[in-house]
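First to last, the sequence lines map onto chains A and B.
So the first sequence is numbered by the numbering used here: it starts at 1 and just counts up by one.
So the second sequence is numbered by the numbering used here: it starts at 1 and just counts up by one.
Hints were generated in silico from the structure; no laboratory data involved.
Every residue, glycine too, gets a C-beta built ideally from N, C-alpha and C.
Be aware that one or more of the hints could be misleading.
[Said to hold, decoys possible] Straight-line Cα separation of at most 20 angstroms, SDA-like style, residue types lysine to any residue; simulated pairs:
id	chain 1	residue 1	chain 2	residue 2
1	B	K120	B	G79
2	A	K11	B	F340
3	A	K53	B	F340
[Stated by the list, open to error] Sample of chain A residues at the chain B side, in silico, Cβ under 7 angstroms:
id	residue
4	F14
5	C43
6	L45
7	V47
8	D49
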Amino acid sequence: MLNDVFVSLFKRPFTERYPYAVKPAPDRLRGKLLWDESKCDGCKLCVRDCPAKAIEIEVVDRAAKKYLYHYRIDRCIYCAQCVESCKEGALTMSNTLYHLASADKAAFTEIYGAKGTGACSEEAAEK
Amino acid sequence: MSVETDFLRIQGSVAPWVSGSRTAENRLDMDTSAERLVPAVTALRSLSWGYLSAITGFDSGTAAPSDGHIELLYHFCNGPAVATFRVKVPREDPSVPSIGPLVPSAVMYERELAETMGVKVAGLPKKRQFLSDDWPENVYPLRKDFTMESAAATREVGPAVGSEEAPGTFIIPIGPQHPALKEPGHFELAVDGEIVTHADIRLGYVHRGIEKGAEDRSWVHNIYLMERICGICSHIHATAYVLGVESLSGVAVPPRAQTVRTIFCEMERIHSHLLWLGVAAHQAGFDTLFMYSWRDRETIMDLLEELSGNRVNYSVNLLGGVKYDIDGKAADSVRRGLDFLERRTTHYLKIVTTDESFLRRTRGVGAITFDQANLLGTIGPTARASGVSRDLRVEAPYMAYRDFPVRPVLDSRCDLEARFVVRINELFESYRLIREMLDHMPAGELAVPAPRKVPEGEVISRVEAPRGELFYYIRSTGGVKPDRVKVRTPSLCNWAAVLSVAVGHKLADIPMIMVGIDPCFSCNDRSITLRRRGSAESWSWEDLRAYGISYYAGGGA
Ligand code: SF4
Ligand code: SF4
């Protein structure tokens with residue numbers, strides 16, 4: 001053990017210097033849920049299977065397949081059940097958008113499709 | 001001896017007290033009545049067969065097909081076999097005798113029944129053990145007619161029952177904050193000078209009502225609810241649940257998915273055992289070991305995150321399979337991580353078996369003899385350190401353990417040191433298993449579709465969690481939600497043992513003895529009030545730990 005202690009003396013600290021140095025996240029990291037409007041057919045399977053009631057779909061125009069996708073970041077437990085339930089592949093979880101803490105409540109509700117941006121790409125979500 | 005012959009033997013000896021019995025694969029169900037329960041259990045005990053694993057109660061409700069009863073299931077387990085006594089009692093007057101005199105560990109389960117189901121069990125202590133003190137009297141959450149509104153409307157709160165202390169005894173209350181169980185725990189230790197003469201536990205300060213909550217959620221939602229029962233063994237809870245549901249709905253999960261699940265189970269065991277090693281070292285005042293073992297544990301946490309995307313609640317299970325594959329690149333990083341951990345584990349094994357001052361805290365301390373461990377229904381590494389070979393991965397292999405057999409790790413020294421050695425040796429076994437599974441990963445699908453409605457029926461799902469046998473009883477009435485999910489966590493079984501071995505030990509040894517069953521004392525500081533004949537001094541868990549360390553530093557005087 002003493003040897004262990006001695007060796008550790010000359011190692012660099014193990015503690016990460018977050019948030020000053022941010023380690024790249026693993027590919028599979030489950031961050032913010034992203035919705036691709038062009039793929040969604042409004043089946044609401046994701047809503048039904050979400051254990052945290054984090055998703056709501058507002059129908060704007062069913063014929064034109066126009067929906068608003070309400071996503072509650074503060075409720076989401078990042079289980080990815082919605083991603084699995086979606087048969088259209090409209091949902092993905094970002095591995096870069098995971099700094100989601102905020103002092104402002106409004107930041108926890110994301111309404112995709114509202115700005116008429118169409119597909120919600122990662123860049124669009126970042127704006 | 002095969003399960004069938006065992007069952008025949010049991011059926012033969014309990015026959016006079018049982019009105020009907022059925023066997024299905026590894027299960028024997030025997031109908032009996034409240035009056036005949038005690039002789040029936042006596043007959044079973046006289047065979048020295050198995051241990052009491054859980055008592056489940058469910059309310060059949062008052063709706064049409066039901067005749068308005070509460071059914072109590074006393075599950076005795078031995079390896080893969082489960083023998084269940086079924087007792088039906090009327091909802092209006094549900095009373096059964098206690099089997100505590102025959103099976104000491106039953107008392108804890110009976111108290112749970114009494115409080116959550118309203119079953120009157122003769123001869124139980126008045127004090128509540130599971131529900132909070134301000135929970136209204138005569139409101140039983142697991143009854144089907146229970147609603148939050150009815151509970152809120154009942155303002156009548158029973159009188160708080162204090163500890164039943166004999167005059168002249170010092171009672172040291174520890175707790176209640178204690179994050180290891182579903183519920184935090186509060187201990188009352190009666191001491192005579194330095195020596196503990198009696199130990200009692202009070203649970204349920206933050207009873208989350210998960211079993212009740214499960215009845216109100218869909219089969220899919222419940223995977224994630226179950227996963228949140230424990231923050232350390234999250235995956236094993238979800239796994240026990242999905243295995244049960246899949247067997248009810250007759251879904252055949254592809255072998256690759258089962259192997260991925262098993263790899264996660266073993267990785268979880270590694271992180272849990274390493275976490276425990278650190279916590280236990282910390283309780284002994286060996287913070288260097290604590291820091292290093294937790295530093296090394298990060299390796300496995302990072303791997304879990306890399307494989308699943310989440311660090312704690314990996315959520316890899318689906319009904320019918322898993323979400324993520326473990327492919328070439330991921331497998332390689334797991335292998336590298338395991339190589340590193342194996343070197344470190346060898347080092348730790350050497351430390352806990354040779355470090356003089358550490359051994360003074362563990363060798364010969366907190367012995368649970370083979371007979372005690374057997375009788376009290378101890379499970380998991382705690383049992384295996386007393387030579388009781390209870391490991392479901394070995395005795396009743398499930399998932400990929402069928403193809404990748406586990407070599408049991410046993411120790412017969414019974415003391416705390418043995419509990420360290422067993423857990424550390426289990427780490428080596430887990431490393432070996434994971435490597436083997438990665439090398440011989442079956443090809444194929446990751447998931448198959450599972451139906452949203454689960455056919456009517458009931459199932460018992462038992463798996464080996466890091467702390468021992470995890471018991472799930474799941475009942476479906478054919479709907480989109482379960483009718484009853486009963487969870488018996490391993491620590492609940494082991495408390496009975498720890499409470500009895502605590503007696504006769506020095507107060508200074510208590511933190512180590514309690515931590516020996518791995519109840520995960522890591523997260524919170526607990527407040528202890530030390531009452532000495534009316535006067536009160538406040539101790540925190542930290543104080544008790546410091547007391548233990550200084551006691552031994554002073555030469556144990
Ligand atoms: S990740 Fe889980 S909690 Fe979050 S929205 Fe999807 S299903 Fe709901
Ligand atoms: S499951 Fe997919 S397709 Fe269906 S509503 Fe949700 S996002 Fe749209």
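Taking the hints in turn, this is what the structure says about them:
For a cut-off of 20 angstroms, the pair hint linking K120 of chain B to G79 of chain B is broken: about 31 angstroms separates their Cα positions. Taken as a hint, the K11 of chain A and F340 of chain B pair is honoured in the structure, with Cα atoms around 16 angstroms apart against an allowance of 20 angstroms. Proximity of K53 of chain A to F340 of chain B is assessed by CA-CA distance (about 41 angstroms); at most 20 angstroms being required, the pair is judged violated. Interface hint at F14 of chain A: satisfied, since its Cβ lies 5 angstroms from the closest Cβ of chain B, which is below the 7 angstroms cut-off.
The beta carbon of C43 of chain A comes no nearer than 14 angstroms to any beta carbon in chain B, farther than 7 angstroms, and the hint placing it at the interface is violated. Of the supplied interface hints, the one on L45 of chain A is violated, with its beta-carbon coming no nearer than about 10 angstroms to a beta-carbon of chain B, more than 7 angstroms. Annotation: V47 of chain A was flagged as interfacial toward chain B, and the flag is violated, the nearest CB pair being 12 angstroms apart, outside 7 angstroms. The criterion of a C-beta within 7 angstroms of any C-beta in chain B is met by D49 of chain A, whose closest approach is roughly 5 angstroms, and the hint holds.
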